[in-house]
Every structure is written in structure tokens, then in C-alpha cells.
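> These protein sequence lines are chains A and B, in that order.
Counting along the first sequence from 1, when you hit position 208 you're at 208 in this note's numbering, and nothing is skipped either side.
In this note's numbering, each residue's number is its place in the second sequence (first place is 1) plus 299.
Since the hints were made in silico from the structure, they are not lab data.
Among the clues, some could well be false.
As the list claims (entries may be wrong) - Restricting the straight-line Cα-Cα distance to at most 25 Å, the calculated cross-link-like pairs of lysine-lysine (DSS-like) are:
{"hint": "1", "chain 1": "B", "residue 1": "Lys578", "chain 2": "A", "residue 2": "Lys178"}
{"hint": "2", "chain 1": "B", "residue 1": "Lys544", "chain 2": "A", "residue 2": "Lys239"}
{"hint": "3", "chain 1": "B", "residue 1": "Lys536", "chain 2": "B", "residue 2": "Lys373"}
{"hint": "4", "chain 1": "B", "residue 1": "Lys418", "chain 2": "A", "residue 2": "Lys284"}
{"hint": "5", "chain 1": "B", "residue 1": "Lys544", "chain 2": "B", "residue 2": "Lys389"}
{"hint": "6", "chain 1": "A", "residue 1": "Lys178", "chain 2": "A", "residue 2": "Lys96"}
{"hint": "7", "chain 1": "B", "residue 1": "Lys544", "chain 2": "B", "residue 2": "Lys373"}
{"hint": "8", "chain 1": "B", "residue 1": "Lys536", "chain 2": "A", "residue 2": "Lys98"}
{"hint": "9", "chain 1": "B", "residue 1": "Lys373", "chain 2": "A", "residue 2": "Lys197"}
{"hint": "10", "chain 1": "B", "residue 1": "Lys544", "chain 2": "B", "residue 2": "Lys432"}
{"hint": "11", "chain 1": "B", "residue 1": "Lys432", "chain 2": "A", "residue 2": "Lys239"}
{"hint": "12", "chain 1": "B", "residue 1": "Lys418", "chain 2": "A", "residue 2": "Lys5"}
Note that this is a predicted model, so its numbers are computed, not measured.
Below, each chain spelled out in residue letters.
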Amino acid sequence: MYSNKWIGSLYITPFVIGFLLFTAFPFVASFVLSLTDARLQDQLGAANFVGLSNYTEMAADSTFRQSLGVTFAYVFITVPLKLAFALFIAVVLNFKLKGIGLFRTAFYLPSILGGSVAIAVVWRFVFAGDGLLNQALAGIGIGGVNWLGEPTTAMFSIVLLRLWQFGSAMVVFLAGLKAIPEDLYEAADLDGASRLKQFFMITLPLLTPVLFFNFIMQIVQAFQEFNGPYIITAGGPLKSSYLLPLMIYEEAFKYFNLGYSSALSWVLFIIIAVFTAVAFWSQKHWVFYAQDRDDKGGH
Amino acid sequence: MASSLNPADHGWRKHLPVINAFVRYGLLILVGFLMIYPLLWMIGGAFKNNAEIFSSVGFIPKNPTTDGFINGWKTSTEYTFATYLLNTMKIVVPKVIVTVISSVIVAYGFARFAIPGRKWLFALLMATVLLPKSVLLIPQYLMFREFGWLDTYLPLYAPQAFATEGFFVFMIIQFMRSLPLDMEEAAVMDGCNSFQVLTLIVCPVILPAIISVALFQFMWSMNDFIQPLIYLSSVEKYPVALALKMSIDVTEATSWNEILAMSTIALAPSLILFFLAQKYFVEGVTSGAVKG
């Protein structure tokens, strides 16, 4: 609306300062730190330049390999399951049923609360030896499982917590579904296309922009999972839920290895960057944007 | 439902819409139950005695007691839970205010002005949304240590005064772009400068977006854990999130009802706000994806 460049620049000055001071500078500094042996308790001047040795050290670090493995397992299980479930429930909710508002509220609420420490604490009690889940299983005659004490099941509790929060992805899918013009389905009905066929030929293609958005958001979020392993499982047992963000935190603030921790955080950054870059690059092959929306600029 | 419009339908197919609706409601009710039950169990458990929590899956307490609340409120520290609730507000309230103000100002710049390098700056803004926070954690910690800000609340909200949360700026930009410009142009004709246009014309109109941002930031700040964990070292400054984590470390084996009671209190503000303002949460979360 306004063409005066300098007044406009004034309005975005807070962002430019904040970006330089709290994002760009720490981002670069973190890479520089990853090339040193800096320790938390020392002055920064005491740190020595060690080249890439923090990165080569990782290759031999069995804890890192374990952490990387469980992080990928966690993301690859949680994100597809969550998206599939969110889409499924959104499709079911999108039929004109009575009381949809009530269901939507119930499904969305856990997304808003689920990130809190209070919910993580409740989750610990649900999965505890004498917790809710084992009591319920005992009620139908199934013996208790030591959910948080077994390496094979501890991660399950975190995965389930995040699946429980499928609501925000569902709300986004639901908004996408509502934007699909009704007449497309009416035409398909006249052609005798089955419901299933309509889903794959109409719903899914037109929903790909929303699916893309949800996929990026969920991937970025899942790779940064911290509260679950820190509060519910403490990364254990036997590091079976020792996700990378927890390892980064502990290396820095428990073992004081700032250099090594910074190197780990850069590995996490590169993993997330590769996933988002591949997703953005691949979108021209599978994401369909409607004609009237090609003015959407730099999204 | 379309299948009922077909006159060729006969036999059991006639009942298909009914069966269909039945299956759908059954599924929705089952999923809804699983969603809500952990919360009901938490609230119910807060009013049970410990023996009952360990022995029944039902959420309605047989012998309701407020012991959990009374003992939990005292906490195992020298401070009551009120201290931790107050500390949380000392972080959350300034954080929400500076986030809203800075995000609105920056979004206005992006949405209404021809800024040199606008495209690049916008790309940087979006990149901050995707950048993992853990890569900034250690340098930010060292920086705030140099500032002498450790064990204060400043690291928890000072960066937000500079529109560092790109998601919120983006939300408001999207909202501003969807508005017609007539009112703003008329105000300029009447001699308003751009800042007056922002405060007098734009802000009242984008109020729904402002409320969405404030609510999301409120919820996220209530839930924030790793930042207070790193920056705060004295117990007297702990917010609820840290106090709860501390209480499970100290008393987990014995007093589940106290911890469930304090968890209930910790979630109460978010629960109430969610029920009062659900539509703003829905609009907020969908603005980036669908209007995109």
C-alpha cells in the first residue's frame, strides 16, 4: 500500500535486530563452538580450536549412534501414524453429522495441553507399573507390562503421547477438506465413482498442499522432541528413548561439553534441513496447487 | 447422503446411510473417549486417596478428598504452589505482551510496505520457523550469561520483543493480506500517518488474529520447559513446569494424588481458555496452511 521504503524498513527493524542478535549470530556461533573443546564452566577464551574432531568423534561414539537410531525410529513411526490418523478422523468428521463441534473440541484439546509438563507427568502415571494402563489391562485379564522399564516399550509411551496430540494436524486437514468444492463430488457421483475412488481421485490430490504443510510441521517438531524423553522416560532404559535433543541437552548442561554438544546440534540441524529441503524440492511432483492460488508468493 | 438419492437402492442398501452414521458415531465416540479419559482420570485422581488411584481405573472418586490439593499446595519445598503460579505469570504475561506488539508491528511492515529486499527478509522470517531451537541453545545461553541474565526471567521473554517467533508474524501477515485496503486508504486521505493507521484502523480489525497469537503464546509459554530449566537455578524463581518436575523427582513413589492435583491446577488456566476461545485456536492453526 505504501511506497515509502524507509518507513517500511523502520517497522521491520525489530525483526532484523532480533534475527541478527538472537538467531543469525547464535546460529553461526554454534558452528564455531562445534569446532572447539569449549567447556560450560570455563571462560570462552580458554577454549581451543580442534577442527572437525568433535564430528569425527561422533562416528566412534556408540551413545550417539544409539541416539541417532532411536531418533529416526521415533520420527518415522510417529509422523506417518499421526498424519494418517489425523487425516482419517478429519474425513470422518467432515460428513455432515450432528455434534461435530463437540468431537472437534475433544480431539483438539490434547494438542493444546499435550506439550505441558503436567501432561508428561500424568503420562508417567498412566504407564507406571501400577498405573492406569496396567490396571485397565488387568481388568480384561492381561498381565501387567513394565512399560517404562523395558527398552522395547519405553519409546511406545512417548509415541502414544504425541499421537494423542493428532488434533492440530486434524484441524488443518479439516479446513483443507472444507475448501474442496462440493460440485466435484456431485459430478463424480453422477459418473458413478465409488466413495473410495472419489477419495483418491479428488480428496487426496486437492489436499496435498495441506498435507505438505502438516508434514513439514510434524517432521520439524518430531525431530525436536525433548519433554517426552526428559520427563517420562529419562531417555532410558538403556538409552532406548535417548532422543538427540535430550543428548544435546545432557552433553551441554550435565557433562559441560559445549563443543561436542554444539556439533551434535549441528547434525540435528542438517538432518532437519535435508528433510525440509527434499520436501520442498519434491513438492512439484506431488503437491497440486489450484490455479487461482499461484499468487501466493514466497511461501 | 448421495446413495439415498438413487432410486435403484433396495434391500439392505436402503439402510446404508443409517449403518454408515452409526459406524461413524461409534468410531468418533470411541476416539473421543480415549482422548478425554487421561484428563478425566487426572482430575478424578486429584480427588482420590492414593490407595484408590492404584486400585481402580474409574475416574469418579469413591471417597472424594481434597487432601491431594491441600498437601500438594504446600509442596515439598519452603514455598507454596502459589509462588510457582505467580512466577509463571511473571514470565508468561510480559512474554505475551511483547510478542503481540512486536509481531503486529513487523507484520504491518511486511504486509503494507515495499521494503528493499522484502522477499529475502520474508524467506528469513519463514526459515526461523523451521530452524531447530536446539542449535541456538548454547550460544544464546553463553550470550545471556555475558549479559548477566542467568537466573532472571529476561532470557525467557526479551528475545520475543524482537519478533523472533516467525510463526506469529506470518499469522498476522496472512490476516492483514486478506483485508480490503479501503479503510486504510481513506484514513491516509484524512491525514493519518502510517503508525496512526496501524493503531487506529488496522489493530481493531485484526483483533481476532491478535487474540489467536496471544492465546497460542500463552499456551506455549505455560508449557515451556527447557528454557526455564536452563536459565533458572533458584527454586524461589521456578515456574510451575519446573516445580512439577521437581515434585515427581521428590515424592513420586508416595503421593500421586498430590501430583495429580497440582497437574490439574497447572492445566486449569489453559483448559478454561481453550473452552472459552476455541475458535481462535482453530483459526490460528489453520491460517498458515489453508489461506497459504
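> So, for every hint listed, does it hold in this structure?
Now for the hints, and whether the structure bears them out:
1. In summary, the hint linking Lys578 (chain B) to Lys178 (chain A) is supported, as the alpha carbons are separated by about 16 Å, within the 25 Å threshold.
2. Distance hint between Lys544 (chain B) and Lys239 (chain A) is fulfilled; the C-alpha atoms sit about 20 Å from each other, no more than 25 Å.
3. Distance restraint check for Lys536 (chain B) and Lys373 (chain B): the Cα-Cα separation of roughly 16 Å lies within the 25 Å cut-off, and the hinted pair is therefore satisfied.
4. Distance hint between Lys418 (chain B) and Lys284 (chain A) is fulfilled; the C-alpha atoms sit about 21 Å from each other, no more than 25 Å.
5. For the suggested pair Lys544 (chain B) and Lys389 (chain B), the alpha carbons sit about 19 Å apart, so the restraint of at most 25 Å is met.
6. Under the criterion of a C-alpha separation no larger than 25 Å, the hint pairing Lys178 (chain A) with Lys96 (chain A) is consistent with the structure, at around 11 Å.
7. Of the supplied pair hints, the one linking Lys544 (chain B) and Lys373 (chain B) holds, its CA atoms being roughly 15 Å apart against a limit of 25 Å.
8. Straight-line distance between C-alpha atoms of Lys536 (chain B) and Lys98 (chain A) comes to about 48 Å, which puts the hinted pair past the 25 Å bound.
9. At roughly 60 Å between alpha-carbon atoms, Lys373 (chain B) and Lys197 (chain A) are farther apart than 25 Å, so this suggested pair is violated.
10. Distance restraint check for Lys544 (chain B) and Lys432 (chain B): the Cα-Cα separation of roughly 21 Å lies within the 25 Å cut-off, and the hinted pair is therefore satisfied.
11. Between Lys432 (chain B) and Lys239 (chain A) the alpha-carbon distance is near 23 Å, which keeps this suggested pair within the 25 Å criterion.
12. Distance restraint check for Lys418 (chain B) and Lys5 (chain A): the Cα-Cα separation of roughly 14 Å lies within the 25 Å cut-off, and the hinted pair is therefore satisfied.
This entry does not satisfy hints 8 and 9, going by the numbered hints stated previously.
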